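Given the coordinates of chain A, assemble chain B onto it according to the supplied hints.
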Amino acid sequence: VAIAWEASYGAAVTKAKQRSCLLMVEFFSPH
Amino acid sequence: VNAHTAAVKVSVLENRDLSKRLRAFWTPTILFLDADGQEHHRFMGFLPPDEYGAQVQFARGREAFIKGNHQAALDAYQTIAERYPQTDCAPEALYWTGVCRFKLTKEEPKIYEACREVVKRYPNHLWAKKLGFLA
Numbered sequence: 001v002a003i004a005w006e007a008s009y010g011a012a013v014t015k016a017k018q019r020s021c022l023l024m025v026e027f028f029s030p031h
Numbered sequence: 001v002n003a004h005t006a007a008v009k010v011s012v013l014e015n016r017d018l019s020k021r022l023r024a025f026w027t028p029t030i031l032f033l034d035a036d037g038q039e040h041h042r043f044m045g046f047l048p049p050d051e052y053g054a055q056v057q058f059a060r061g062r063e064a065f066i067k068g069n070h071q072a073a074l075d076a077y078q079t080i081a082e083r084y085p086q087t088d089c090a091p092e093a094l095y096w097t098g099v100c101r102f103k104l105t106k107e108e109p110k111i112y113e114a115c116r117e118v119v120k121r122y123p124n125h126l127w128a129k130k131l132g133f134l135a
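Residue numbers (my numbering), protein chains in the order written: chain A, 1 to 31; chain B, 1 to 135.
Hints may be right or wrong, so weigh each one.
As the list claims (entries may be wrong) - In the DSS-like style, the derived pairs of lysine-lysine whose C-alpha atoms are separated by at most 27 Å in a straight line are:
{"#": "1", "chain 1": "A", "residue 1": "K15", "chain 2": "B", "residue 2": "K103"}
{"#": "2", "chain 1": "B", "residue 1": "K130", "chain 2": "A", "residue 2": "K17"}
{"#": "3", "chain 1": "B", "residue 1": "K103", "chain 2": "B", "residue 2": "K130"}
{"#": "4", "chain 1": "B", "residue 1": "K20", "chain 2": "A", "residue 2": "K15"}
Derived from the structure by calculation, the hints contain no laboratory data.
These figures come from a predicted structure and were not determined experimentally.
Chain A extracted, bound-state conformation (with noise of 0.2 Å):
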C-alpha cells in the first residue's frame, strides 16, 4: 500500500474536507 502523507495535521483535514474523504491519522512515536 502506498500512502501520499499529507505535510501537516492541519493540511490532511482541509484535503479531507475538500474531497468530503476520510482522514486517516497515524500516530507514530519518533525514535
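For chain B alone, kept in the frame of chain A given last:
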C-alpha cells in the same frame, strides 16, 4: 489509500494535545475520522500492506454504513472480501456485505447467506463463532 483518505503522520511527542484528544495512548495508532471529526475506525500496531489496505476499506465501509450509504458500504466490504480475503478483517467484512445487501433489498436471507459464507470460508475465526448460530 489516497483515493479514499487524506493521510497524515503525527508525532505523539510533538502533538501531545492532539494525541490525548484522540486517545492515541500507544504507537502506532491509526484512526479514521470523517469531515466532522467523528471517528469511524481505528487500529493499533504495525500491519503488512494487505492488512493495512483492508483496514482502510473497512473504515470506508463503516463510515458509509453509519451514514446510511449502504451501496458504498457494500462496495468497501466487498473489496475486502475479494481483494484481501486472507486478512484478519475479511470475515467480518464478508458478514457486513450480507447486512448491506439486506439493507438494500430488505431481503433478510441475504444476512444468513453471508453468515454461512463466513462459517464456510473461515471456520476457525472469531466471526465464525459469532455467526455460527445464524448459519
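Going through the hints against the structure:
1. K15(A) to K103(B): Violated, at roughly 31 Å.
2. K130(B) to K17(A): Roughly 37 Å separates the two Cα atoms, so the pair is violated.
3. K103(B) to K130(B): 20 Å, holds
4. K20(B) to K15(A): 23 Å, holds
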